[in-house]
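Participant: Place chain S on chain P using the hints.
Here the protein sequences come in this chain order: P and S. Our numbering numbers the first residue of the first sequence as 1 and each following residue consecutively. Our numbering numbers the first residue of the second sequence as 113 and each following residue consecutively.
Don't read these hints as lab results, they were simulated from the structure. What you are looking at is a predicted structure, and each value in this text was computed from that prediction instead of being measured. Cβ coordinates follow ideal geometry from the N, Cα and C atoms, glycine included. Please note that the accuracy of each hint is not assured.
Stated by the list, open to error - Not the full set, but computed from the structure, chain S residues with beta-carbon under 8 Å of chain P:
#, residue
1, Ser145
2, Gly154
3, Phe157
4, Ser210
5, Ser212
6, Leu214
Here are the chains, one letter per residue:
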Amino acid sequence: AQSVSQHNHHVILSEAASLELGCNYSYGGTVNLFWYVQYPGQHLQLLLKYFSGDPLVKGIKGFEAEFIKSKFSFNLRKPSVQWSDTAEYFCAVTGTASKLTFGTGTRLQVTL
Amino acid sequence: DAGVTQSPTHLIKTRGQQVTLRCSPKSGHDTVSWYQQALGQGPQFIFQYYEEEERQRGNFPDRFSGHQFPNYSSELNVNALLLGDSALYLCASSPGPSDSPLHFGNGTRLTVT
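Isolated chain P, as found in the complex (with noise of 0.2 Å):
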């Protein structure tokens, strides 16, 4: 069975500190990586998918995660945070079937 681990539960960050979240997964065969996010009181949003290719993937509103296969770790990173950036970020994994697998979450909280 596949299941995903984040080891932050909560970040407190300063505006324009850089963020880094951690996730790794545990599952044997080909995986597709996936961080959402979750505004407050907003609906869950895809920030970026990996499925195969180049390791380090760009998705929208700056972020970015490097898939690293020999650690079984898709970290997600920002180089500057914003105060919007604020909300809960979600790790996801899939494997042959399509269902995702989520970690705990991280909330991230950016202070002004």
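Facilitator: Just chain S, lined up with the frame of chain P:
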């Protein structure tokens, strides 16, 4: 281009009752998946519907059932509600059963008292 719509937005039920939640997929999508998101947790997969049949199922009891209509909309039914069923129920749609759901609705917040 309409996104995924869910109704109702909030619902309060009593233990033992039954509830039906509704979902309309994004235009052009024919596959609907349902997820349960308990407080402080990530969403958990309940099941997927395609061509009016349940195609995949997560680790949820038979009290959770669903239906898909010819227009691709879907319902989630939960019988004999328990306090632990209180959660945000998310619907997601995708263009096919092999595609991961990329579009989610706002969810239905179910509270069981």
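Participant: Determine for every hint whether it applies to the structure shown.
Facilitator: Consistency of the hints with the structure:
1. Ser145: holds, 7 Å
2. Gly154: holds, 3 Å
3. Phe157: Nearest chain P Cβ about 4 Å off; hint holds.
4. Ser210: Since chain P brings a Cβ to about 5 Å from serine 210 (chain S), closer than 8 Å, the hint holds.
5. Ser212: Check passed: Cβ of serine 212 (chain S) comes within 5 Å of chain P, closer than 8 Å.
6. Leu214: Holds. Min distance 5 Å.
Checked against the numbered hints above, the structure violates none of them.
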